[in-house]
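With the sequence shown counted from 1, adding 3 to any position gets you our numbering.
Worth flagging that the hints you see were computed from the coordinates, not collected in a lab. Ideal Cβ placement from N, Cα and C applies to all residues, glycine included. Keep in mind that a hint or two might mislead.
Stated by the list, open to error - Derived lysine-lysine pairs resembling DSS-like cross-links, with alpha carbons at most 27 Å apart:
1. Lys433 with Lys474
2. Lys788 with Lys753
3. Lys474 with Lys381
4. Lys675 with Lys33
5. Lys202 with Lys237
6. Lys61 with Lys84
7. Lys522 with Lys553
8. Lys180 with Lys239
9. Lys205 with Lys180
10. Lys617 with Lys604
Stated by the list, open to error - Label pairs and their calculated CB-CB ranges:
11. Asp779 with Lys833: 36 to 46 Å
12. Leu864 with Gln572: 36 to 46 Å
13. Ser69 with Pro427: 22 to 32 Å
14. Glu231 with Pro427: 44 to 54 Å
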Amino acid sequence: MGGVGKTTVAQACYDNLRDSADANANDDTKFHFVNRVGQNGVNDQDRVEGLVRELYSKLLSEDSLSREDLDKEYRRGRLLKTRVLVVLDDVHTPSQLDELLLQEATDPRKLFAPGSRIIVTTRNRRVLEHVKAKIHSVGPLDVDESLQLFKLHAFSLGSPFDDDDDDGGRNDDLSHKVVSYCNGNPLALRVLGGALSYKDNKYWESFVLKLGKTQEAAIHHVLRTSYEELRDVKDKRLFLDMACFFSGHWRSLLVKYMETVDESAYSRVEDLIGKSLLASVFDQSEGEILVVHDLLKEMAWNIVNEEEDLGRRSRLNDPADIHNLLTNWKGHRATEGIRLNLSKVKMMSLKANAFEGMNSLRWLNFFLPKGFGSRHRKIIVSEGILNSLPNELRGLRWDQFPLASLPGGFSPDELAYLVISHSPIKTCWKENQPELEKLSKLSLTSCENLTVIPDLRKSANLEHLVLEKCKSLVEVPDSIQYLVELVRLEVRDCENIERVPDRLNSNVLKHLILVNCPKVTHCPEVDSGVLESLDLDGTPIDELPNAIYKVKQGGVVCLYGPSITSFPQLSTSLKLLRLRNTAIRGIELDHRRRQGSNLPKFEQLHLLHNSQLKTLSRSIWNMVTVELTIEWCPLIKSLPEISRVPVGDLTRLIISGCEGLESLPSGINHLKSLNYLRCYGTTMKSLPNIEELDKITHLALSSSSRIESVPPNIHKLANLSCLMLIRCWGIQYLPELPPNLDFMDVSCCKSLLALPSNVGSLRWRCLCFVECPKLDMNLPEELVKNFPQQALSSPHSKGMLQYSGSEIPKWFDYKSTENNNEDSSCVTVKLPHPNSSRRHRGVVKGIAFGVVCSSDSGPALLSIRCECSIGSSAAAASWRSPFLLGLSSSDVVYMCFDKNSFGETDEGVRGGGEPWYVKYAGLDVCFRIRFEAKRGGDLNKLKKAKCKSIGVSLLY
Numbered sequence: 004m005g006g007v008g009k010t011t012v013a014q015a016c017y018d019n020l021r022d023s024a025d026a027n028a029n030d031d032t033k034f035h036f037v038n039r040v041g042q043n044g045v046n047d048q049d050r051v052e053g054l055v056r057e058l059y060s061k062l063l064s065e066d067s068l069s070r071e072d073l074d075k076e077y078r079r080g081r082l083l084k085t086r087v088l089v090v091l092d093d094v095h096t097p098s099q100l101d102e103l104l105l106q107e108a109t110d111p112r113k114l115f116a117p118g119s120r121i122i123v124t125t126r127n128r129r130v131l132e133h134v135k136a137k138i139h140s141v142g143p144l145d146v147d148e149s150l151q152l153f154k155l156h157a158f159s160l161g162s163p164f165d166d167d168d169d170d171g172g173r174n175d176d177l178s179h180k181v182v183s184y185c186n187g188n189p190l191a192l193r194v195l196g197g198a199l200s201y202k203d204n205k206y207w208e209s210f211v212l213k214l215g216k217t218q219e220a221a222i223h224h225v226l227r228t229s230y231e232e233l234r235d236v237k238d239k240r241l242f243l244d245m246a247c248f249f250s251g252h253w254r255s256l257l258v259k260y261m262e263t264v265d266e267s268a269y270s271r272v273e274d275l276i277g278k279s280l281l282a283s284v285f286d287q288s289e290g291e292i293l294v295v296h297d298l299l300k301e302m303a304w305n306i307v308n309e310e311e312d313l314g315r316r317s318r319l320n321d322p323a324d325i326h327n328l329l330t331n332w333k334g335h336r337a338t339e340g341i342r343l344n345l346s347k348v349k350m351m352s353l354k355a356n357a358f359e360g361m362n363s364l365r366w367l368n369f370f371l372p373k374g375f376g377s378r379h380r381k382i383i384v385s386e387g388i389l390n391s392l393p394n395e396l397r398g399l400r401w402d403q404f405p406l407a408s409l410p411g412g413f414s415p416d417e418l419a420y421l422v423i424s425h426s427p428i429k430t431c432w433k434e435n436q437p438e439l440e441k442l443s444k445l446s447l448t449s450c451e452n453l454t455v456i457p458d459l460r461k462s463a464n465l466e467h468l469v470l471e472k473c474k475s476l477v478e479v480p481d482s483i484q485y486l487v488e489l490v491r492l493e494v495r496d497c498e499n500i501e502r503v504p505d506r507l508n509s510n511v512l513k514h515l516i517l518v519n520c521p522k523v524t525h526c527p528e529v530d531s532g533v534l535e536s537l538d539l540d541g542t543p544i545d546e547l548p549n550a551i552y553k554v555k556q557g558g559v560v561c562l563y564g565p566s567i568t569s570f571p572q573l574s575t576s577l578k579l580l581r582l583r584n585t586a587i588r589g590i591e592l593d594h595r596r597r598q599g600s601n602l603p604k605f606e607q608l609h610l611l612h613n614s615q616l617k618t619l620s621r622s623i624w625n626m627v628t629v630e631l632t633i634e635w636c637p638l639i640k641s642l643p644e645i646s647r648v649p650v651g652d653l654t655r656l657i658i659s660g661c662e663g664l665e666s667l668p669s670g671i672n673h674l675k676s677l678n679y680l681r682c683y684g685t686t687m688k689s690l691p692n693i694e695e696l697d698k699i700t701h702l703a704l705s706s707s708s709r710i711e712s713v714p715p716n717i718h719k720l721a722n723l724s725c726l727m728l729i730r731c732w733g734i735q736y737l738p739e740l741p742p743n744l745d746f747m748d749v750s751c752c753k754s755l756l757a758l759p760s761n762v763g764s765l766r767w768r769c770l771c772f773v774e775c776p777k778l779d780m781n782l783p784e785e786l787v788k789n790f791p792q793q794a795l796s797s798p799h800s801k802g803m804l805q806y807s808g809s810e811i812p813k814w815f816d817y818k819s820t821e822n823n824n825e826d827s828s829c830v831t832v833k834l835p836h837p838n839s840s841r842r843h844r845g846v847v848k849g850i851a852f853g854v855v856c857s858s859d860s861g862p863a864l865l866s867i868r869c870e871c872s873i874g875s876s877a878a879a880a881s882w883r884s885p886f887l888l889g890l891s892s893s894d895v896v897y898m899c900f901d902k903n904s905f906g907e908t909d910e911g912v913r914g915g916g917e918p919w920y921v922k923y924a925g926l927d928v929c930f931r932i933r934f935e936a937k938r939g940g941d942l943n944k945l946k947k948a949k950c951k952s953i954g955v956s957l958l959y
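Whenever a hint applies, use it, and build me the whole structure from the sequences.
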């Protein structure tokens with residue numbers, strides 16, 4: 004049931020536990036609250052992918068982690084050492100929970116450190132049953148609690164326990180009657196309390212009579228009654244707009260949008276918040292947003308859909324209704340708002356007069372969910388022209404807008420936002436452009452033919468201007484300088500823009516983003532004192548911009564280009580400073596320390612592709628508090644010595660492609676908080692002593708071709724879970740391994756003679772030894788032979804073993820080969836009956852599959868999916884490899900086990916029903932292997948990946 008307080012209880016638990024942790028200096032728990040997981044009206048896959056990025060970027064203190072990033076072994080290792088408290092609010096389906104917990108939902112102990120807690124709120128009990136969670140049902144409030152909450156909102160008391168004399172003389176009988184209709188539902192109590200606040204006794208009596216005259220479902224009727232008590236039709240219209248179209252948007256922009264319809268929108272929004280029909284919440288990534296509870300959104304659409312006459316229905320979001328209205332409807336059309344998810348439309352052909360006569364239309368939103376392919380146009384205009392769009396429009400978003408310009412007669416004087424993407428548009432208006440005085444947001448994205456943006460000289464209210472991937476655009480007009488309400492200017496991947504304004508006069512500018520604009524050579528001067536981010540990555544400005552000194556504490560600065568010749572003399576603390584492709588030769592800040600000047604502080608300092616950088620200041624260890632990344636700086640031969648424990652708590656040191664680096668500081672043991680050390684592509688021959696780095700979980704030395712040995716005392720690093728030694732050609736032997744190591748890759752170590760003796764006693768998640776030509780295979784062969792037993796005893800739900808070879812191991816029950824099977828990527832299995840006496844193996848605990856594969860296109864990183872299907876039906880269940888598979892021109896054997904979900908598409912399991920192997924018992928099931936490229940991967944390499952044979956076994 005919605006509105007009973009699940010989120011409120013979870014928030015209270017979260018706040019209390021976080022307060023306790025904050026009071027304990029030794030508590031290193033990471034906290035994150037994920038709001039509205041199953042937000043209605045949002046593409047599920049896109050929503051969940053965004054939340055995965057948000058959640059794990061926060062927990063690991065890294066920026067913009069993708070789902071593929073989280074498959075990397077060292078990050079999994081870090082997560083296993085991270086104690087967390089995570090709230091996942093309003094999860095709708097088991098698949099959402101699985102995705103958010105990286106397919107470890109059934110046992111988060113395999114994802115996070117001991118002591119972690121995951122709190123899930125949901126209306127769907129099967130979500131929790133799916134993962135065998137401890138379930139706490141949030142019941143209704145009792146009578147006393149209901150009265151306390153109701154009075155808090157009805158009488159505006161500072162506390163529900165305040166003196167009842169403040170109720171204006173209203174007796175408890177009326178309060179009890181109102182409360183009785185709410186059945187203990189907190190949302191209904193808040194809404195009714197807000198509706199009756201500041202009303203006299205006569206109004207209360209009338210309200211109670213109205214509540215008692217219907218036999219409707221109690222909660223929905225209560226909420227509907229509160230809506231009906233909005234006496235002003237403008238209040239009702241505003242609520243329906245918010246509930247149907249705008250829940251979850253920025254408050255500042257929404258108020259401006261609504262003010263184009265009603266000048267008193269600001270106060271009306273406040274009133275709706277006071278009546279609990281709207282809520283204002285602060286989102287960590289988006290700031291203050293306005294949200295409408297799901298029950299209230301359901302009620303709003305129910306109200307709208309009560310009108311049976313489609314032409315008189317005020318708001319539409321059903322694709323069939325919208326198609327009917329715009330293509331076939333002959334009668335009156337009083338529609339005020341349309342919201343169409345284009346991913347749910349096959350094709351819609353509009354005539355030139357499709358919008359004629361729709362004089363009430365204020366909101367038109369044809370949108371593609373983020374991440375949805377935009378190649379196939381969903382809406383076409385059959386005659387190549389639209390005669391008009393309604394001039395009453397306040398908001399227009401049209402992804403894949405099909406024309407070269409907006410209709411000539413379209414003159415929306417009250418337009419509040421204009422958003423167009425993936426369109427062949429060349430100019431928004433060919434002539435007679437409206438003045439756009441009310442415009443608050445303009446976003447033009449992936450409009451490759453766009454040559455000019457609208458004239459914004461009169462758009463004094465503009466807050467957001469976004470121009471992205473508009474490759475024909477050559478300038479951002481100077482008139483932008485005078486937009487004093489501008490909060491965000493974002494120009495990204497516009498390769499031909501040459502001119503931007505010299506100055507931005509806005510005092511409220513928070514984000515100035517000029518990214519990958521190679522012909523822009525200067526950064527505008529900034530007057531704002533609230534600048535949070537200055538991102539010039541990929542834009543080669545002529546000189547260090549003064550705007551960097553305007554970025555406030557905790558902000559982000561990214562600079563690029565050879566004109567940056569000295570390290571910025573900053574004194575503030577930043578979340579991130581990134582310097583890429585600069586001509587900086589040295590970072591010398593020790594003199595500031597000697598002079599008593601404060602050193603800058605950075606959570607993260609990224610020095611990337613700085614080809615002239617040679618020296619770093621010894622103070623750098625006191626400047627960086629979380630992560631120091633140095634990549635492709637070939638002239639750096641050594642890092643500064645560390646003579647004592649630094650002030651900061653540096654947790655990650657990342658060095659990559661610094662081919663001149665010969666050594667790490669001998670005092671690296673002073674970095675007591677270091678948990679991640681990566682040195683790729685250096686010329687180091689050995690590491691210094693690191694046995695005191697007792698928090699380190701990940702050590703990576705890949706592509707360091709000259710390194711000859713790993714520290715012999717590495718076995719003392721009890722927290723080390725991941726060791727990466729790919730292409731370390733000089734290593735011949737490895738020392739005894741640490742007890743908790745569960746991921747090791749020694750592929751392409753051409754001199755490696757043997758694996759350590761204790762390798763077989765460790766509980767692996769991933770072990771790779773591909774293309775190690777000198778390796779003694781006696782021990783690896785034992786690992787292959789014992790793989791099923793290792794899988795069953797492993798604490799991990801998924802794991803893999805990868806090695807050079809051309810045969811599926813003999814222990815696999817079912818195998819295909821290239822010779823005797825037309826399709827070597829498929830094997831057919833007759834599933835046993837659960838109670839069959841033939842096998843006597845017991846209960847199925849998982850599945851193991853093996854693949855012999857290669858790639859004709861050379862090295863490739865791909866993912867493998869194993870699907871099982873019955874006949875010509877779609878996959879009944881599928882398993883995705885937990886790690887990327889490294890293919891080469893030679894044969895590789897890849898083996899994987901999965902004891903977790905028993906099939907990602909198996910709705911029976913997700914719903915708490917019988918598993919796939921029970922559901923299809925006795926049937927012939929085809930197991931098929933297919934390769935998948937990670938997002939943005941090389942599709943040509945995907946096509947040339949070959950599966951030569953497959954093996955499948957059920958684990959008992």
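Hints versus structure:
1. Lys433 with Lys474: 19 Å, holds
2. Lys788 with Lys753: 24 Å, holds
3. Lys474 with Lys381: 23 Å, holds
4. Lys675 with Lys33: 19 Å, holds
5. Lys202 with Lys237: 20 Å, holds
6. Lys61 with Lys84: 15 Å, holds
7. Lys522 with Lys553: 24 Å, holds
8. Lys180 with Lys239: 26 Å, holds
9. Lys205 with Lys180: Status holds; Cα separation ~15 Å.
10. Lys617 with Lys604: 21 Å, holds
11. Asp779 with Lys833: 36 to 46 Å: 39 Å, holds
12. Leu864 with Gln572: 36 to 46 Å: Holds, at about 41 Å.
13. Ser69 with Pro427: 22 to 32 Å: Once the Cβ atoms are compared, 30 Å apart, the range 22 to 32 Å for Pro427 and Ser69 holds.
14. Glu231 with Pro427: 44 to 54 Å: 47 Å, holds
Violated hints are absent here; each numbered hint is respected by the structure.
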